[in-house]
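Q: What follows is the residue order along each chain.
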Amino acid sequence: MKKECIEFRNVSFRYSEEGPWVLKNVSFRIPADEGVAIIGHNGSGKSTIAKLINGLLFADEGEVVVLGTPVTEETIWEVRKKVGMVFQNPDNQFVGTTVRDDVAFGLENRGVDRSQMITAIDNSLRAVGMIDYMLHEPHRLSGGQKQRVAIASVLAISPQIIILDEATAMLDPKGRKEIMHTVNEVKDQQGLSLLTITHDLNEITQADRVIVMSKGEVWLEATPREVFAREKELQEIGLDIPFVAKLANELGKVDVPISQQPLNHEELLEELWTYHSNK
Amino acid sequence: MSNSLIIGQYVPSDSFIHRLDPRTKITMIFLFVIFVFFANSAASYAWLTAFAVGIALATKIKIPFILRGLTPVWFLIIFTFILHLIVTKDGDILFQIFSFPVYSGGVIQGIAISFRFFLLILVTSLLTLTTTPIEITDAIESLLDPLKKIRFPVHELALMMSISLRFIPTLMQETEKISKAQASRGVDFKTGPVKDRIQAIVPLLVPLFVSAFKRAEDLAMAMEARGYQGGEGRTKLRELKIEKRDIFSFIIFGLVIIVLFLLRV
Ligand SMILES: Nc1ncnc2c1ncn2[C@@H]1O[C@H](COP(=O)(O)OP(=O)(O)OP(=O)(O)O)[C@@H](O)[C@H]1O
Ligand SMILES: [Mg+2]
Numbered sequence: 001m002k003k004e005c006i007e008f009r010n011v012s013f014r015y016s017e018e019g020p021w022v023l024k025n026v027s028f029r030i031p032a033d034e035g036v037a038i039i040g041h042n043g044s045g046k047s048t049i050a051k052l053i054n055g056l057l058f059a060d061e062g063e064v065v066v067l068g069t070p071v072t073e074e075t076i077w078e079v080r081k082k083v084g085m086v087f088q089n090p091d092n093q094f095v096g097t098t099v100r101d102d103v104a105f106g107l108e109n110r111g112v113d114r115s116q117m118i119t120a121i122d123n124s125l126r127a128v129g130m131i132d133y134m135l136h137e138p139h140r141l142s143g144g145q146k147q148r149v150a151i152a153s154v155l156a157i158s159p160q161i162i163i164l165d166e167a168t169a170m171l172d173p174k175g176r177k178e179i180m181h182t183v184n185e186v187k188d189q190q191g192l193s194l195l196t197i198t199h200d201l202n203e204i205t206q207a208d209r210v211i212v213m214s215k216g217e218v219w220l221e222a223t224p225r226e227v228f229a230r231e232k233e234l235q236e237i238g239l240d241i242p243f244v245a246k247l248a249n250e251l252g253k254v255d256v257p258i259s260q261q262p263l264n265h266e267e268l269l270e271e272l273w274t275y276h277s278n279k
Numbered sequence: 001m002s003n004s005l006i007i008g009q010y011v012p013s014d015s016f017i018h019r020l021d022p023r024t025k026i027t028m029i030f031l032f033v034i035f036v037f038f039a040n041s042a043a044s045y046a047w048l049t050a051f052a053v054g055i056a057l058a059t060k061i062k063i064p065f066i067l068r069g070l071t072p073v074w075f076l077i078i079f080t081f082i083l084h085l086i087v088t089k090d091g092d093i094l095f096q097i098f099s100f101p102v103y104s105g106g107v108i109q110g111i112a113i114s115f116r117f118f119l120l121i122l123v124t125s126l127l128t129l130t131t132t133p134i135e136i137t138d139a140i141e142s143l144l145d146p147l148k149k150i151r152f153p154v155h156e157l158a159l160m161m162s163i164s165l166r167f168i169p170t171l172m173q174e175t176e177k178i179s180k181a182q183a184s185r186g187v188d189f190k191t192g193p194v195k196d197r198i199q200a201i202v203p204l205l206v207p208l209f210v211s212a213f214k215r216a217e218d219l220a221m222a223m224e225a226r227g228y229q230g231g232e233g234r235t236k237l238r239e240l241k242i243e244k245r246d247i248f249s250f251i252i253f254g255l256v257i258i259v260l261f262l263l264r265v
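Chain order of the listed sequences is E and U.
Position one of the first sequence corresponds to residue 1 (this note's numbering), numbered consecutively onward.
Position one of the second sequence corresponds to residue 1 (this note's numbering), numbered consecutively onward.
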């Protein structure tokens, strides 16, 4: 059996005593070296889950276990050393006065040796294509560039878990593809687990598994293909599936046999081509 | 505008003075400020002026540019001079302006004090012209290090300074954005009676404060998530190093001070 990496056991959470429950009895497991996407409508509790994982918030009920350690006041520093997290707003997580200083921040906190720090900064900035902006101040960067820097900061600390909370929302499609490719490459090389939070279903195709959240509850846990097959229900909870998946579903309705739910253009093309030559 | 704020008055260059360790510069300026008060003869003033001008030249920054940077304080310097003319009542009466007698002692005193003032301002502005604010922050953190023994929050102070430096331009941009947004809703910042204009500031400040607090909250969270738990056990990327040129500068400075004391009367 694969080692558990993140585990939520019947977690409930609310921001204030009288407030509404933001998470209701949430349970899921993410094994090590797996890529999992969490999707859900605005306010469905995705960011809250991320914050519970590295101890920025604590569960009111149930337990959050990260790499075998329950997340409590005593263990947060140990947990945070292993979890790299990128938040939604790239501006408010930029601590350093320059790109280089910002990437250094996490390394400095971990007491990393200066010479190692310089190599790590170089490598991670190169990986996100920001090496030429090393000495730029944050106000001279675009939103997308700041997001790249935030991702570089996480790559630099080589964590065991990476959480991206809508961390590519400001990137153009090409940039997003490149960055997600880089992150996935690092994930495969270093065998770490990746948790991508998004409300864009286009982004979940690279995930091994998808957790669909709705109103603070786990609504579905499935593979991307299975998720795309449930177009109607997803629409009911406010999520729209990608065009390719929609087209495949429509084709299915008019008796074009689609043997497996396609994730992208190439796969759909393959399906249609096979169908055509078998006709 | 926002760009000039983050770097302060800093003028990039690779001059000898620019490359000095910021701690060297701060220490020497601190000492200079003290020693200026020891000058008491024309020769000693001339000597310090020569030294200050020498440094100004060594920065490779154009002298008119440096002097233009001093414009706001010219007024203060002249004011000091006039004050001394009027207040000091030493020596012979030279002449009278509007029935105010001007004494020779007053003139001498006025010149000396305003000149001293000028030297102080010139030298300190040379610091900010040749040193980035973040270097100054690092230097302060390093120089105040001994105060940690008496629990003075040196690291926190330096962090506070660097975060302010990081967010000043961001908040400036935001102010600009909000003021445009409010102007498009008909708020008028530029005309009308002062009372109205002050009132117009309110819809500018309120959203600015709200967003600043939101930012502070997010930033604190992001810093924690990135493993920040205070100064203990942290390493640093930006490193300060005393080089040969720093020691050389201190020796020169020492000689300058010795000569200063020889020129005193
Ligand atoms: N600091 C807070 N204090 C009180 N309530 C909060 C706070 N942060 C979030 N909430 C509430 O918790 C719920 C879940 O918020 P969360 O940020 O986890 O949503 P999300 O799924 O990340 O949404 P989005 O897609 O907009 O990022 C929302 O209803 C929100 O109003
Ligand atoms: Mg969110």
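Hints in this document: simulated from the structure, not taken from any laboratory.
We treat Cβ as the ideally placed atom computed from N, Cα and C, and that holds for glycine.
Please note: incorrect hints may appear among the correct ones.
Cβ-to-Cβ under 10 angstroms is the rule here; a few derived chain E residues that face chain U [to be verified]: (1) Gly62; (2) Val65; (3) Gly106; (4) Val112; (5) Val154; (6) Arg230; (7) Lys246; (8) Asn249.
Q: Check the structure against each numbered hint from earlier and tell me which ones fail, lowest number first.
A: Hints 1, 2, 6, 7 and 8 not satisfied by this model.
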